[in-house]
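**Student:** Guided by the hints, dock chain V onto chain Z, whose structure is given.
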Amino acid sequence: AQSVTQPDIHITVSEGASLELRCNYSYGATPYLFWYVQSPGQGLQLLLKYFSGDTLVQGIKGFEAEFKRSQSSFNLRKPSVHWSDAAEYFCAVDKAAGNKLTFGGGTRVLVKP
Amino acid sequence: NAGVTQTPKFQVLKTGQSMTLQCAQDMNHEYMSWYRQDPGMGLRLIHYSVGAGITDQGEVPNGYNVSRSTTEDFPLRLLSAAPSQTSVYFCASRPGLDWGYNEQFFGPGTRLTVL
Numbered sequence: 001a002q003s004v005t006q007p008d009i010h011i012t013v014s015e016g017a018s019l020e021l022r023c024n025y026s027y028g029a030t031p032y033l034f035w036y037v038q039s040p041g042q043g044l045q046l047l048l049k050y051f052s053g054d055t056l057v058q059g060i061k062g063f064e065a066e067f068k069r070s071q072s073s074f075n076l077r078k079p080s081v082h083w084s085d086a087a088e089y090f091c092a093v094d095k096a097a098g099n100k101l102t103f104g105g106g107t108r109v110l111v112k113p
Numbered sequence: 001n002a003g004v005t006q007t008p009k010f011q012v013l014k015t016g017q018s019m020t021l022q023c024a025q026d027m028n029h030e031y032m033s034w035y036r037q038d039p040g041m042g043l044r045l046i047h048y049s050v051g052a053g054i055t056d057q058g059e060v061p062n063g064y065n066v067s068r069s070t071t072e073d074f075p076l077r078l079l080s081a082a083p084s085q086t087s088v089y090f091c092a093s094r095p096g097l098d099w100g101y102n103e104q105f106f107g108p109g110t111r112l113t114v115l
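If you read the sequences in order, they're chains Z and V. Our numbering applies: residue 1 is where the first sequence begins, and numbers increase by one. Our numbering applies: residue 1 is where the second sequence begins, and numbers increase by one.
There may be inaccurate statements among the hints.
Sample of chain V residues facing chain Z (criterion: CB under 8 Å; computed from the structure) [stated by the list, open to error]: (1) 40; (2) 53; (3) 58; (4) 60; (5) 64; (6) 104.
Chain Z regions said to be covered by chain V (calculated; three or more residues, Cβ under 8 Å) [claimed, not checked]: (7) 18 to 26; (8) 37 to 50.
Just so you know, the hints here were simulated from the structure itself, not pulled from any lab data. Virtual Cβ for every residue (Gly too), placed ideally from N, Cα, C.
The following block holds chain Z by itself, in its conformation from the complex (with noise of 0.2 Å):
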């Protein structure tokens, strides 16, 4: 079965400071990987998706993302933080013909000013 580890429950972070969240997958096969952001109180909207080809990804908001099948990470990258990213952060794997999206437990970021 395939599962998703977000080893840092909390990251705290200093406006302007770059971040980095982790992300562990595990899946036998080619996996589609999503990292997902959740504003208090608010759905989930996607920040970026991983299917094939280039193994580092653009998103949205500045963020970005490298797919490293030798580690079965995808890691969520921003250079700098804006106190608005202050938000939880969840990563997501399913099968390419897949109906079943597993998330990670997510991450919490705190922006300090």
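**Tutor:** Frame of chain Z; chain V shown alone:
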């Protein structure tokens, strides 16, 4: 387009009561799903549907029923609510797989408390 809508936004139930969480989408998406979100556990799939008349179980289906009589609507029924069902519930939809794998669009959620 309104996207994915959910009603109600908040609900408080007593143990043993039944209720239906409503979900509708106006994007003609074939695939719809229900998730529950609990702290530290991310979102877990309850039930999903790949088209009208077709439903299947997800990771945590016990205590919940679904049906899909139309493309637009996918209600989630709690037959006898239990405190363990206190959670935030999200409905999501996406185009069918004939269009390739696409992102899911999430509704705003329903916060349910069972006393």
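**Student:** Please go over all the hints and tell whether each is borne out by the structure.
**Tutor:** Going through the hints against the structure:
For residue 40/V, the interface hint holds, the least distance from its beta-carbon to any beta-carbon of chain Z being 5 Å, beneath 8 Å. Interface restraint check for residue 53/V: the shortest CB-CB distance to chain Z comes to about 15 Å, outside 8 Å, so the restraint is violated. Annotation: residue 58/V was flagged as interfacial toward chain Z, and the flag holds, the nearest CB pair being 6 Å apart, inside 8 Å. For residue 60/V, the suggested interface contact is broken, since its CB lies about 12 Å from the closest CB of chain Z, more than 8 Å.
The closest approach between the C-beta of residue 64/V and any C-beta of chain Z is roughly 16 Å, which is over the 8 Å cut-off, so the hint fails. Hint on residue 104/V holds. Least Cβ distance to chain Z is approximately 7 Å, under the 8 Å limit. Coverage of the stretch 18 to 26 of chain Z by chain V is violated. Counting CB-CB distances below 8 Å, 0 residues qualify, and the rule asks for three or more. Coverage of the stretch 37 to 50 of chain Z by chain V holds [criterion: at least 3 residues with CB-CB distance below 8 Å; count 6].
Hint check: violations occur at hints 2, 4, 5, 7; the rest are consistent with the structure.
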